[in-house]
Amino acid sequence: MSSTLQLFRQTFKRDLTLAFRRKSELVNPLIFFLIVASLFPIGVSPEPNFLSQLAPGLVWVAALLATLLSMETLFKSDYEDGSLEQLLLSPQPVFLVVLSKVLAHWLLSGLALTIVAPLLGVMLFLPSEGMPGLMLSLLLGTPTLSLIGAIGAALTVGLRRGGVLISLLVLPLYIPVLIFGSSAVQAAVTGLPLDGYLALLGAMLALALALAPIAAGAALRISVSG
Amino acid sequence: MASSWLPRWFYQLASPRWCYSITGKLIPWFAATGGLLFLVGLIWGLAFAPSDYQQGNSFRIIYLHVPTAILAQSFYMMMAIAGAIGLIWKMKVADMVAKSVAPLGAALAVLALATGAIWGKPTWGSWWVWDARLTSMLVLLFLYLGVMALNSAIESETTAAKSTAVLALVGLVNIPIIKYSVEWWNTLHQPATFKLTEKPAMPAEMWIPLLVMVIALYLLFGLAMMLRLRNEILRRERRAGWVKELLGS
Amino acid sequence: MAQALLTAQSLFCERDDRVLFDQLELAVSEGEIWQVEGRNGSGKTTLLRILCGLSSHFEGELYWRGESMDEVREQFLSELLYIGHQAGVSAMLTAEENLHWQCALHPSLDVSRAQQALERVGLKGFEDVPAHQLSAGQKRRIALAKLYMSRAKLWILDEPFTAIDKIGVAAKEALMVEHIQAGGSVIMTTHQDLSSQIPLHTINVEHFASTQREWSE
Amino acid sequence: MAFETFADFLNMGGHGLYVWLSYGLGLLTIALCIYLPVIQGRETRRTLRRRIQRESIKS
Numbered sequence: 321m322s323s324t325l326q327l328f329r330q331t332f333k334r335d336l337t338l339a340f341r342r343k344s345e346l347v348n349p350l351i352f353f354l355i356v357a358s359l360f361p362i363g364v365s366p367e368p369n370f371l372s373q374l375a376p377g378l379v380w381v382a383a384l385l386a387t388l389l390s391m392e393t394l395f396k397s398d399y400e401d402g403s404l405e406q407l408l409l410s411p412q413p414v415f416l417v418v419l420s421k422v423l424a425h426w427l428l429s430g431l432a433l434t435i436v437a438p439l440l441g442v443m444l445f446l447p448s449e450g451m452p453g454l455m456l457s458l459l460l461g462t463p464t465l466s467l468i469g470a471i472g473a474a475l476t477v478g479l480r481r482g483g484v485l486i487s488l489l490v491l492p493l494y495i496p497v498l499i500f501g502s503s504a505v506q507a508a509v510t511g512l513p514l515d516g517y518l519a520l521l522g523a524m525l526a527l528a529l530a531l532a533p534i535a536a537g538a539a540l541r542i543s544v545s546g
Numbered sequence: 301m302a303s304s305w306l307p308r309w310f311y312q313l314a315s316p317r318w319c320y321s322i323t324g325k326l327i328p329w330f331a332a333t334g335g336l337l338f339l340v341g342l343i344w345g346l347a348f349a350p351s352d353y354q355q356g357n358s359f360r361i362i363y364l365h366v367p368t369a370i371l372a373q374s375f376y377m378m379m380a381i382a383g384a385i386g387l388i389w390k391m392k393v394a395d396m397v398a399k400s401v402a403p404l405g406a407a408l409a410v411l412a413l414a415t416g417a418i419w420g421k422p423t424w425g426s427w428w429v430w431d432a433r434l435t436s437m438l439v440l441l442f443l444y445l446g447v448m449a450l451n452s453a454i455e456s457e458t459t460a461a462k463s464t465a466v467l468a469l470v471g472l473v474n475i476p477i478i479k480y481s482v483e484w485w486n487t488l489h490q491p492a493t494f495k496l497t498e499k500p501a502m503p504a505e506m507w508i509p510l511l512v513m514v515i516a517l518y519l520l521f522g523l524a525m526m527l528r529l530r531n532e533i534l535r536r537e538r539r540a541g542w543v544k545e546l547l548g549s
Numbered sequence: 002m003a004q005a006l007l008t009a010q011s012l013f014c015e016r017d018d019r020v021l022f023d024q025l026e027l028a029v030s031e032g033e034i035w036q037v038e039g040r041n042g043s044g045k046t047t048l049l050r051i052l053c054g055l056s057s058h059f060e061g062e063l064y065w066r067g068e069s070m071d072e073v074r075e076q077f078l079s080e081l082l083y084i085g086h087q088a089g090v091s092a093m094l095t096a097e098e099n100l101h102w103q104c105a106l107h108p109s110l111d112v113s114r115a116q117q118a119l120e121r122v123g124l125k126g127f128e129d130v131p132a133h134q135l136s137a138g139q140k141r142r143i144a145l146a147k148l149y150m151s152r153a154k155l156w157i158l159d160e161p162f163t164a165i166d167k168i169g170v171a172a173k174e175a176l177m178v179e180h181i182q183a184g185g186s187v188i189m190t191t192h193q194d195l196s197s198q199i200p201l202h203t204i205n206v207e208h209f210a211s212t213q214r215e216w217s218e
Numbered sequence: 653m654a655f656e657t658f659a660d661f662l663n664m665g666g667h668g669l670y671v672w673l674s675y676g677l678g679l680l681t682i683a684l685c686i687y688l689p690v691i692q693g694r695e696t697r698r699t700l701r702r703r704i705q706r707e708s709i710k711s
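Chains as they are written, first to last, in my numbering: chain A, 321 to 546; chain B, 301 to 549; chain C, 2 to 218; chain D, 653 to 711.
Errors might be hidden in some of the hints.
Said to hold, decoys possible - Covered stretches of chain D, as calculated for chain B (at least 3 residues, CB under 8 angstroms):
| id | segment |
| --- | --- |
| 1 | 653-667 |
| 2 | 671-679 |
| 3 | 697-703 |
The set of hints was computed from the structure by calculation and includes no laboratory data. Built from N, CA and C at the ideal position, the CB exists for glycine as well.
Pulled out of the complex, with its shape left as it was, chain A reads as follows (with noise of 0.2 angstroms):
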């Protein structure tokens, strides 16, 4: 048991270290947060009562968004390598390390992305009543995305070009974390209650959390299999 743990330990500490190696990929996915929130006021209109009112929705599309760009990574350069290999042949089982993996991918992307929302609040003239809001959401919505980031990433890490088909697999499926986020951020901007979305968003953390790793798990083992 506490080699389990010691494992997961291990590849927590392991994947920060590669992160923070490879400092690019690190600063990516927020630049990329910040560049497609910037978007919408030069594409769309940059008048502040028309943005305040879709600012709950902008922040959410951009992390969803930015989430996703990342993701393609998480098992790209381990299949490269061969450590993939090596973890499929581990007798420990295998969405431990997967959960490490995420849980790393997650600080690094999901929670960097939520502590940054703010900014792209105030860009978008989100009231600031609904940046509390905001955070809770993308504070229990991100990892969910990790989450299911991370299956797409297992199914398509050993195709060439997997990186756009990775979106078409995973978008349908972030589509209920959007709906209940960006909510979420509405009713606080309104002044309604926020519990009700936070713990659907809980709920889905949960369900994510349970069923994600073993089937990211699955889907390494098929694709470094074929």
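Position chains B, C and D against the provided structure of chain A, taking the given hints into account.
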């Protein structure tokens, strides 16, 4: 095949050869009854069923829209379950069923969306409305497209079958969540408008032809599925002795 | 009689419409070194991947210590050391970091011997250098260091000596002999000629390549 | 019968375009879904048969 508690037909199903011959026998029956019921349902629905007191005769689109929507969903279920059977019991035929079903399901989803949109024009005054049913059907179509894209992107057939099975299962878990969230989102954004199909207590002369159409389409698309399955079996089993025998003579 | 560790019965595998092997039989006992032979593309790597459980594209049965592989897979994995075509070395991590993670993955690797193992493969002084700054041979040697740390019963090695010099190969050969004398076994592929001192069993994949079930173009 | 004349039937109370468009699309899709596998099947059988003949000549 380690476990032995499953009924015999289950193992027979696992044999491509048996499957090929049984579908060969079933196809004429499906074609005959499906075609007949389709004609009956079509004429009944178009000419004999009473028109709706609110929507008038555009209501008759229901006899196509609802069956295709039902089938699109149940075909997804079938695809995911067949995929799961293929994953768990390594049953080749199940993989082939899953692969044959996917394009048909996508076609059904497209048809349901198209008829919904056409129906929407006289009812809502616009071709597209983000109605809960249409939206979740759209997402279902996306799920189908994802499955098909993944299947065609992977070269190895066995890997493709397994990967798509995993994706289809993940989608299956998500379908109720998507449905629920879309419905809920819909009521939040547009308070109760005119729904396409929800009618309290439809009279019998309206729903019986609907039932006939549902059964007819099940049979016809079942037929299409079996035709695709047979092609798939031939293609994959091309080296097996029985295929050579069958085609050689 | 030495008990067979790994047994493969009537293995059948096809790739891209080509039967790589059919009715392949293999029984590896304690204290044996097996070399898998065959031309490039004949399916050596595929066979090794099937044996260690990475690939499921095959028909046939695998047994570990006489029991069906499906049932004792975890036990098998805890007694297996596999070094594949890809070394499993992360370019952005140092030799030491790479080995530590490998040890966490595989409890059969002794982490306390990591330092010594790196010395033995001639990477002393390179422990803290990220692997991408090392040469191909040095990267390979990080993976081979695992041989010095392994308590695993069965080693499956796919071209372990690529980019390794003669002295290095000789050292690994000595290590393998030591391993089998302690009751271990090795299954490997290699292009290098091994020294004649090693008691070598060979299996040629091409002998099992079937033309019967194949479509000729 | 819900319609008095055949023209009424075609007109569908002013909604003819929508109803007939839907049913036209529907029929087309169903026909394609059944017809395409049939011709694909013929094609598959033909190529496989040719292969088998080639095989038997060779051996």
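Quiz item: Can you list which hints this structure breaks, lowest number first?
Solution: Violated: none.
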